[in-house]
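**Q** Single-letter residue listing:
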Amino acid sequence: MTISVRALFFAAYRDVVGSKEMRVDLPAGTTVSGLVSHLRGLGDPYSALPASPAIALNRTYVGESATLGDGDEVAFIPPVAGG
Amino acid sequence: MTISVRALFFAAYRDVVGSKEMRVDLPAGTTVSGLVSHLRGLGDPYSALPASPAIALNRTYVGESATLGDGDEVAFIPPVAGG
Amino acid sequence: MHARITADPIDPAAVLGRVGSERDGAALLFVGVVRNHDEGRAVAGMRYDTYEEMAADVLEAIAREAAERGTGADVAVVHRYGELSVGDVSVAIAVASPHRAESFDASRYVIEEIKKRLPVWKKERYVGGEAQWKDGVVPARPVEAEGS
Amino acid sequence: MHARITADPIDPAAVLGRVGSERDGAALLFVGVVRNHDEGRAVAGMRYDTYEEMAADVLEAIAREAAERGTGADVAVVHRYGELSVGDVSVAIAVASPHRAESFDASRYVIEEIKKRLPVWKKERYVGGEAQWKDGVVPARPVEAEGS
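Protein chains in written order, with my numbering: chain A, 603 to 685; chain B, 603 to 685; chain C, 1377 to 1524; chain D, 1377 to 1524.
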């Protein structure tokens, strides 16, 4: 079975990837770290993403071992600088 | 030789003494603690002043051993409560 | 409690006006402003990007946490995004509480948590035309259960 | 730097407007307000008495000391005296500085020093008519030279 997630890129990561959003199809059971590895394995420009970025899953920060589900929103969060 | 000072009373001390200001004649060389003793020795209501109040001499906090001069302004400062 | 992320200019007095009641003896308004220098470089302005939907949630969570610290405080916070010039307000935090210590504590909490976890990024524009993303803070990850 | 003791109502926004320049990334406004309760009693209002000439000097010294802490801050403080009602502003302290830590530090310094040494006293009027001087803080005496 396959799931489909939306990967979102912000700020410096958006500059790296060259787009703000992409759809990614993955095997069911893929974790956050699995998605990151998958993307980095696609080669340039994705290989320039960090191996272990901060990730928000459906708008909440999660660890690398969180499991993705169909329709999830997975945001790559560069170091934040609000205020 | 004699000096003359203005003693000022504020807030609770003004309530005790019943006036905001009095002129006091003292021997030259009298200290702050000498003035306090002198006033307390006058009897009611002055005897109700504390033995060791905070004192400002010419608008600056001083210790009990500060020496008074002619024309000085000596304020009896109850515990402060600004803000 | 009030928390908002917005592209509109911020009126700090209006944010302050959102907090306080007759039980409160202290109110504190923090205002963050784009300044004309950073680490020795002359700054012309700042672009704030955000992950708006998530930022709204995080800002509200921060305000709620601040309000629930100590004996309770009333909290309002507004954070801006978009293109800002020197002197523009980037964030306003208003707090009111019965005693001053809680207001200082809650205000400081809100700004420090914003810096640690609000999904906002800033690109500094320098006098002369260059621009770069400002170094930020890696948000803490939730602790994961053993073996999960 | 600006320090004033006054019988006139205080406009906190105007006090905030007195600080800040393009070098400043943070501004902080503290507002002290007469609250409707104190130590479990319902408060109707507060009378602030002061030793005005000395209070003006002390307030200015406090503001100067606050401005000179750390790497420097811009400070404005206004303290009121006279008859105040619940909700009236008794003190407003505005600080601006390049970074937020200095503003929090300077603001807190000003209000804590006011409580320790500004010659101001307050008589609390309770709902029901009774009134009493609020407990205060004994100002520290200067250290005296040995044998003087």
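Just so you know, not all the hints are guaranteed correct.
Here are the simulated lysine-lysine pairs, PhoX-like style, with alpha carbons at most 25 Å apart [said to hold, decoys possible]: (1) C:1510 with C:1491; (2) D:1491 with B:622; (3) C:1510 with A:622; (4) B:622 with D:1492; (5) C:1492 with C:1510; (6) D:1499 with B:622; (7) C:1499 with A:622; (8) C:1510 with C:1499; (9) B:622 with D:1510; (10) D:1510 with D:1492; (11) A:622 with C:1491; (12) D:1499 with D:1510; (13) D:1510 with D:1491; (14) A:622 with C:1492.
Pair ranges (Cβ atoms, derived) [to be verified]: (15) D:1399 with B:662: 33 to 41 Å; (16) C:1517 with A:631: 33 to 41 Å; (17) A:608 with C:1398: 44 to 52 Å; (18) C:1423 with D:1507: 35 to 43 Å; (19) D:1514 with C:1437: 37 to 45 Å.
A short list of chain D residues far from chain C (calculated; beta carbon distances all over 12 Å) [what the hints assert, rightly or not]: (20) 1377; (21) 1393; (22) 1400; (23) 1401; (24) 1402; (25) 1406; (26) 1423; (27) 1436; (28) 1441; (29) 1462; (30) 1484.
Source of the hints: derived by calculation from the structure; they are not laboratory data. Everything numeric in this text was worked out from a predicted model, so none of it was measured. Where is the CB? At the ideal position from N, CA and C, for every residue including glycine.
**Q** Each of the hints needs a verdict: does it hold here or not?
**A** Against the structure, the hints come out as follows:
1. C:1510 with C:1491: 12 Å, holds
2. D:1491 with B:622: 23 Å, holds
3. C:1510 with A:622: Status holds; Cα separation ~19 Å.
4. B:622 with D:1492: 23 Å, holds
5. C:1492 with C:1510: 14 Å, holds
6. D:1499 with B:622: 16 Å, holds
7. C:1499 with A:622: 16 Å, holds
8. C:1510 with C:1499: 6 Å, holds
9. B:622 with D:1510: Holds: residue 622 (chain B) and residue 1510 (chain D) sit about 19 Å apart, inside 25 Å.
10. D:1510 with D:1492: 14 Å, holds
11. A:622 with C:1491: Roughly 23 Å between the alpha carbons, so the hint for residue 622 (chain A) and residue 1491 (chain C) holds.
12. D:1499 with D:1510: Holds, at roughly 6 Å.
13. D:1510 with D:1491: Answer holds: residue 1510 (chain D) to residue 1491 (chain D) is near 12 Å, not above 25 Å.
14. A:622 with C:1492: Roughly 23 Å between the alpha carbons, so the hint for residue 622 (chain A) and residue 1492 (chain C) holds.
15. D:1399 with B:662: 33 to 41 Å: The hinted range 33 to 41 Å holds for residue 1399 (chain D) and residue 662 (chain B), with Cβ atoms some 34 Å apart.
16. C:1517 with A:631: 33 to 41 Å: Given about 20 Å between the Cβ atoms, the range is violated.
17. A:608 with C:1398: 44 to 52 Å: For residue 1398 (chain C) against residue 608 (chain A), whose Cβ atoms are near 48 Å apart, the range 44 to 52 Å holds.
18. C:1423 with D:1507: 35 to 43 Å: The hinted range 35 to 43 Å is violated for residue 1423 (chain C) and residue 1507 (chain D), with Cβ atoms some 57 Å apart.
19. D:1514 with C:1437: 37 to 45 Å: With Cβ atoms ~44 Å apart, the hint holds.
20. 1377: The claim holds: residue 1377 (chain D) sits with its nearest Cβ about 19 Å from chain C, beyond 12 Å.
21. 1393: Check fails; 10 Å does not lie beyond 12 Å.
22. 1400: At roughly 6 Å from the nearest Cβ of chain C, residue 1400 (chain D) sits no farther out than 12 Å, so the non-interface label is violated.
23. 1401: Given a closest Cβ separation of 4 Å, the condition is violated.
24. 1402: Answer for residue 1402 (chain D): violated, closest chain C Cβ roughly 6 Å.
25. 1406: Its Cβ does come within 12 Å of chain C, the nearest being 5 Å, so this is violated.
26. 1423: 16 Å, holds
27. 1436: Its Cβ never comes within 12 Å of chain C, the nearest being 21 Å, so this holds.
28. 1441: Consistent with the label, residue 1441 (chain D) stays out of reach of chain C, its closest Cβ about 18 Å off (over 12 Å).
29. 1462: 5 Å, violated
30. 1484: 6 Å, violated
The structure shown violates the earlier hints numbered 16, 18, 21, 22, 23, 24, 25, 29, 30.
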